Every structure is written in C-alpha cells, then in structure tokens.
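> Sequence:
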Amino acid sequence: MRLTKTAYYYGDKGEYLGNDQFGRPVYGDPKMYPFEMEIEPYSTELARTQYGIVVEVNYRLYTYPNTNLKLETKINYNGSKFMITKVWDYDRHYELLIKKLLD
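All the letters of the sequence shown, read from the start, carry residue numbers 1 to 103 under my numbering.
No lab work stands behind these hints, which were simulated from the structure alone. Since the structure is predicted, the reported quantities are computational estimates derived from the model, not experimental observations. Any given hint could be a false lead.
[As the list claims (entries may be wrong)] Derived DSS-like pairs (lysine-lysine); straight-line CA-CA distance at most 27 Å:
#	residue 1	residue 2
1	K13	K74
2	K13	K81
3	K100	K13
Using the sequences and the hints given, assemble the complete structure.
Put into structure tokens, the structure is as follows:
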C-alpha cells in the first residue's frame, strides 16, 4: 500500500499546566501525532449501500494499523478537523470513515 499523505491525530490531553482557582487541573492543547494515509471523498449513502451502515461521513481514509485511531478520535488534515465515525481493522491496514467538523 502506498500512502503519500500525512495527517495528525490528537492525543488524549495536553501538557499539565497546573490548577485553576477552584483546584481543577488545567491542560494545554492536546499533542498531535503524525501518521501516513490516503484519503478519498465518500458519503453517507455510499456507506449505507456498500457496508450496510448508517454513519455521518465525508471521507474514507486508509492507513497502516494504529491502535490510537479509534472511534471519535479527532484528526487534523490540511488544516481541517475531522472525527472518526467508523473503523475497520484489517490485517495489514485500517479503513476509517471520517466526518469533517465545523471549526
């Protein structure tokens, strides 16, 4: 599989910055981790007819297996934010359906 593009997934929490005035922990922006992938336009109707599922989707993404890419993980690609709505874990690759988030 030839993966020519790079996207980034967000980690769980950013760096611990201390506590606020009420004693609650404050974290910075989540760290972004790169991964190689290929992306293609996709639609909810295609997902329904090809896979038999109903999910909100704008793109289909292919990448190498990565356990950090799971349902509702946020992704950044070309300055746009996306969220994973479906993951298929195959032996040699992951297939993800993602939807674009409004900024």
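> Is the straight-line distance between the alpha-carbon of K13 and that of K81 27 Å or less?
The hint holds at about 17 Å.
> Holds or violated: K100 with K13, Cα cutoff 27 Å?
Status holds; Cα separation ~21 Å.
> Run the distance test for K13 versus K74: straight-line Cα separation, threshold 27 Å.
This hinted pair holds, its Cα atoms lying about 12 Å apart.
Going down the numbered hints, you'll see the structure goes against none, and every one checks out.
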